[in-house]
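Chains R and D supply the protein sequences, listed in that same order. First residue of the first sequence? That's 1 in full-length UniProt numbering, and the numbers climb one at a time after it. First residue of the second sequence? That's 1 in full-length UniProt numbering, and the numbers climb one at a time after it.
Treat the hints as calculated values from the structure; they're not laboratory data. The structure displayed is predicted, hence computed values, not measured ones.
Once the Cα atoms are required to be at most 20 angstroms apart in a straight line, the calculated PhoX-like pairs of lysine-lysine come out as:
{"#": "1", "chain 1": "D", "residue 1": "Lys-360", "chain 2": "R", "residue 2": "Lys-104"}
{"#": "2", "chain 1": "D", "residue 1": "Lys-197", "chain 2": "R", "residue 2": "Lys-217"}
{"#": "3", "chain 1": "R", "residue 1": "Lys-243", "chain 2": "R", "residue 2": "Lys-233"}
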Amino acid sequence: MIGTYLKTTGLALALGGWAGMAAADPSLDLVGPLADYKIYVAENTAQLVADAEAFTTAIKAGDLDKAKALFAPTRTSYEKIEPIAELFSDLDVSIDARADDFEKAEADEAFTGFHRLEYGLWEKGSTEGLAPFADRLMADIHTLNERINGLTFPPEVVVGGAAALMEEVAATKISGEEDRYSRTDLWDFDANFAGSQKIYDLLKPLIAKQDPEFVAKVDGNFAAVDAVLAKYKEGDGYVSYEKLTDADRNLLSSKVNTLAEDLSTLRGKLGLG
Amino acid sequence: MTGCPFITDRRRLLMGLGLGAIGTLAPAAQAREAAQPNVDDAPHGHAETAAQSVPFHGPHQAGIVTPRPANGIVAAFDVVAASLDDVETMLRLLTERAAFLTQGGAVPERDPRLPPADSGLLGPVVAPDNQTITLALGDSFFEAQPALKPLKPARLQRMVQFPNDALEADICHGDIVLQFCANLQDSNIHALRDIVKNLSEYLVLRWVYEGSVPPVPPAPDGSTPSARNFLGFRDGSANPDANDAEMMGRVVWTAAPDEPAWAHGGSYQAVRIIRNFVERWDRTPLREQERIFGRAKNSGAPLDGGPKATERDVPDYAADPDGAKTAMNSHIRLANPRTPDADKHLILRRPFNYARGAMKNGHLDQGLLFIAWQADLQQGFIAVQNLLNGEPLEEYIKPVGGGYFFAPPGVAGPEDYLGSGLIDAARRA
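Construct the complete structure from the given sequences, taking the supplied hints into account.
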């Protein structure tokens with residue numbers, strides 16, 4: 001099915017009249033990376049279901065410390081596959097929207113999901129009243145899992161996902177708005193980078209030969225990001241976002257925006273419109 | 001640079017577009033177009049002002065003694081550079097973009113499967129539109145690089161709070177600032193977008209202020225008055241003559257023997273974001289407003305002049321030793337007491353007015369994007385501001401941001417780049 005879709009796209013592009021930088025028929029080359037990416041997403045979705053079970057169970061059991069400890073690691077599988085998860089915008093809103101997406105902010109009835117729970121656990125310091133939100137999150141994640149399993153991955157979304165994750169970091173993560181109550185933003189950073197780099201690494205063999213300069217630059221920027229994040233590692237995760245220095249935030253910001261600029265050309269390089 | 005190739009390109013382009021469009025229009029639509037302008041027509045631009053261009057190359061950067069066009073943007077950035085090589089690459093790239101953006105031309109076409117090279121907001125051909133882009137370096141730019149630190153201009157420092165200031169950290173300072181000036185604000189926005197896109201690897205945006213000044217038709221004798229600020233007063237009446245090269249050599253261009261050689265021909269820039277309490281000002285009696293400034297509001301003339309006095313007249317303070325006409329604590333008398341000594345404090349003001357919507361208290365967020373250029377920051381802006389501390393105008397204004405910067409000398413030619421003298425000096429050291 002993916003193959004057919006790709007064939008059509010490749011044909012349309014080949015007839016487009018532009019002397020592309022990509023092979024005449026990019027479709028066959030992409031089949032392998034897309035299949036690998038689908039496995040990566042499936043593994044992460046399965047992990048998300050399992051982690052969310054533990055997280056929401058802790059909340060419903062009133063175990064505040066355990067719930068707080070599980071919040072950031074549970075989110076990472078979601079953040080890694082955000083380009084795919086975001087295809088279901090209804091679920092993305094109920095799972096991952098932030099208070100300022102709503103007119104009444106935290107008090108808004110439509111405010112649910114991870115950040116509603118985060119607000120309760122950190123700002124209110126209690127699991128009280130969170131059970132309905134925990135149930136809703138679990139149900140949404142099950143629905144997400146089912147939908148992803150039945151999804152044909154659009155190649156331009158997968159290829160474009162590498163840049164989309166960087167746009168996500170640049171727009172809402174670098175400012176420290178994402179996990180404003182728990183300050184676990186660096187866990188999300190790391191997951192977004194991992195998700196972007198996964199896509200890039202899968203596609204790299206297709207472009208390495210024709211564009212070694214591009215590959216060297218992107219590799220260098222991913223490595224620079226890793227080096228900055230490594231300074232803030234603690235246990236299995238990261239220290240509070242507040243510990244990030246201004247200089248390191250500027251460095252991350254410049255790398256993220258440059259990765260977004262460069263990775264935004266991946267679709268074109270691979271002949272996808 | 002001449003505007004000729006640009007005009008030819010643009011005419012050809014417009015003709016092409018026009019013919020193409022008419023070819024596809026239904027007869028009724030053609031008739032409509034011929035009859036009268038419609039809601040969806042773009043406002044009429046002016047080919048003449050669009051073609052105006054300011055030379056990019058020269059001994060000094062443009063945008064300093066250049067006549068100020070109607071619109072300006074100041075954007076402050078932090079620089080991400082691991083080495084002197086990175087700094088040089090950044091400066092070369094910035095120079096390349098600024099040269100194109102100020103001189104205009106056709107935007108390169110790319111494979112449509114790639115993101116376009118340009119935002120496209122000015123269309124496929126960028127008009128020069130009097131665009132200037134002026135680079136100035138902050139204290140932190142030099143402090144961040146060990147090789148640059150010893151080469152910092154002698155009077156460059158981090159802006160410190162004056163008594164009436166209420167500085168907001170997120171609109172202060174910056175490793176560098178870029179000042180964009182053009183006839184149309186869209187040109188400035190286009191240029192800023194281009195820089196942000198092309199220099200993402202090196203520049204992280206800190207703050208941006210957009211401003212404008214209200215255009216005024218020239219008088220019958222060809223002279224043009226100073227533009228008004230948001231307090232309704234003419235601003236810049238006492239400016240030194242920017243066409244007087246000898247005067248600019250003293251007032252604006254840095255040349256002191258204790259300044260590093262690379263900095264000669266550059267200039268210190270003081271940027272101040274000065275909020276105006278416009279509601280309160282508009283409730284203040286006219287006579288008091290005039291007493292606070294020391295000028296007549298309509299004409300801009302000093303208060304000791306007759307009915308025919310103009311803003312260019314020089315007040316005679318010797319004849320008014322007690323401030324009966326021009327109050328001793330009026331803005332203009334404090335800033336420039338017209339004593340022989342006052343000459344060394346001259347600065348070249350080139351400000352814009354800004355308006356940024358509403359504040360939490362339900363008041364308008366408006367004010368002056370103050371920009372002053374001088375050869376000596378200490379003797380210039382800092383000395384003048386110290387003379388002004390405590391002035392009655394303070395009740396109506398609140399400086400909240402800005403910073404001090406140093407604009408390196410100009411780009412000599414196509415092989416040169418902004419700040420090359422500094423980088424060369426750093427490599428020699």
